[in-house]
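Given chain A's structure and the hints, the job is docking chain B onto it.
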Amino acid sequence: MDRPLRLIPGDALDRLARTLEALLVIASAPLSVDELAEAADDDPERVEPALRLLGERFAEERSGIVLEHVAGGWAFRASREEADACARLFERPAQRNLSPAALETLAIVAYTGPCSRPDIARIRGVAADSAVANLVERGLIAEAGRDSAAGGAVRYRTTPLFERVFGLESLSELPRLEDVGADAREIRDRLHVVAEKRSA
Amino acid sequence: MSGGAGFAGGGAGVSVQELELDLDAFEGPFDLLLALVLKEELDLRDVDLAGIVTAFLERLAEREELDLEACGEFLVLIAALLELKARALFPDETAELAELEPEEAAEELARRLAEYRRAKEAAVWLRDRLAGEGDRFFRLGPAPLAPKVETPLAPQDPDALARMLRALAQEPPDVSLAHMALRFPPVSQFLERFRSVLRGRTRFDFDTEVGGLNRLEQASAFLAVLELRRAGELTLEQAAPFAPIRVKRATLEASPAKPAAPGQKTAAPAAPPWQENTAQEERNDSWTVRSA
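Protein sequences appear in the order of chains A and B.
Taking my numbering, the leading residue of the first sequence gets 30, the next gets one more, and so forth.
Taking my numbering, the leading residue of the second sequence gets -5, the next gets one more, and so forth.
Okay, chain A solo, but in the shape it has when bound:
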């Protein structure tokens, strides 16, 4: 007996952790605790400690696979250390070459969504059609009903993939934005510099 005796509950937890491990390795999207519990045919209260067990096992610098809590669920991903190797073999079409216009549109949808293309155009001051189409194609935003007005425009919201790509547990993790203040001050300062140069 070179291993200490384990309590029976620990054994059962280990068994459940193995089941969760199997579910997570198959999944192509994060799985919620409820989904895991249903699939494992077990209690959500027991799934959480089992996930913690897996989290210790699959952690950065300990394993090539890392368990993360993202987009409202749990998912496996490659460890950051292995990113270079992954990049040599795999493409990440969702986030490759996101243009400033696309990022701006994405930000508007993430913060104010669900919102329509006219809404986005109103805020950005430029038409959003191509940026929206591009983001839909990437799977970062998706249609979410229509404006309530008759013949209302299609509205968009961000997808779980958006949260996953940006490593967010949920949209509430987005930072609160400062009011115009800082930005406006910076512009004013720039103008002052210009003016001072001139008067010098």
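The hints are simulated quantities; they were obtained by calculation from the structure and are not laboratory data.
In this text the structure is predicted, and so the values were computed from the model without any measurement.
There could be a bad hint or two in this list.
Stated by the list, open to error - The calculated label-pair distances, taken between Cβ atoms and stated as ranges, are: (1) A:P78 x B:P146: 33 to 43 Å; (2) B:R157 x A:E67: 27 to 37 Å; (3) A:G101 x B:R57: 51 to 61 Å; (4) B:G45 x A:P73: 43 to 53 Å; (5) A:E89 x B:P23: 42 to 52 Å; (6) B:G128 x A:R86: 23 to 33 Å.
Stated by the list, open to error - Interface residues of chain B toward chain A, partial, derived using beta-carbon atoms under 10 Å: (7) L38; (8) G128; (9) F132.
Note that the Cβ used here is the ideal one computed from N, Cα and C, for glycine as well.
Just chain B now, with coordinates in the frame of chain A:
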């Protein structure tokens, strides 16, 4: 921007037309942008006018002197572009804004500007976040999870299902195949039997003789009796229909059937008329209900 003394005058001014622009939607000199917009080959809604203003101001700052003519020209052009763009962006809201008091309109514009700045800020945050999270690789599937299938069935009674299954699971009763195997015992067997009976006695009662046999055997036995009579080995008597059949040894001894010994039936009697021309032995062995 009230130009102080000494700023007016010639020198290499800022040419608005040659102002080089580097915008999302357009890259090149300002006059080309204007031409494209006027020819409607470039959608003004896609053009970042603030970027043009910034570029112009930065170009101005590089100069030692203020080119008033260029500034005036630029103001006229950019104001026109702004109005065009505003009309393009908010075709329905021109009236709405016009109805507002100047102060309210300014507030409304400021509100929109603030909103835009926040969006810009958020975009920068997202860009930085992406840069920080760029080394996270994960599996992607085209369809993350199949949608749960809503079962369209009304609630079912499991007991009823069990009852049905139990009924279906029962072994069906064996179907009788007896009729398929129905075979007449060979007539030859009775030929021999009756011959030996008649060797001991001169007569016997048919019904008594076959009394213990089943219907098929009785039928074969009757055929044997008819056969023997045809060969002239016996005679039959029946007083009335359904009366007992009496079988009597033929008095004539010189019958051709006489030498026929069991198993050696070379001199078998000719086939009876109802048996066509086939050999009698075969038929005797293989009579079935159908062929009978």
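Consistency of the hints with the structure:
Between P78 (chain A) and P146 (chain B) the C-beta distance comes to about 38 Å, which sits within the given range of 33 to 43 Å. Hint check: R157 (chain B) to E67 (chain A), Cβ distance near 31 Å, so the stated range 27 to 37 Å holds. Restraint check, G101 (chain A) to R57 (chain B): a C-beta distance of roughly 55 Å satisfies the suggested window 51 to 61 Å. Checking the proposed 43 to 53 Å range against G45 (chain B) and P73 (chain A) shows it holds: the Cβ atoms sit about 52 Å from each other.
A hinted range of 42 to 52 Å for the beta carbons of E89 (chain A) and P23 (chain B) is consistent with their spacing of about 51 Å. The beta-carbon spacing between G128 (chain B) and R86 (chain A), approximately 25 Å, falls within the hinted interval of 23 to 33 Å. Satisfaction of the interface hint for L38 (chain B) is found here, the shortest Cβ-Cβ separation to chain A being roughly 9 Å, below the 10 Å cut-off. Below 10 Å, beta-carbon pairs count as interface contacts, and G128 (chain B) has one with chain A at about 7 Å; its hint therefore holds.
Because the smallest distance between the Cβ of F132 (chain B) and any Cβ of chain A comes to about 4 Å, under 10 Å, the interface hint for this residue holds.
When the structure is compared with the earlier hints, no violation turns up for any of them.
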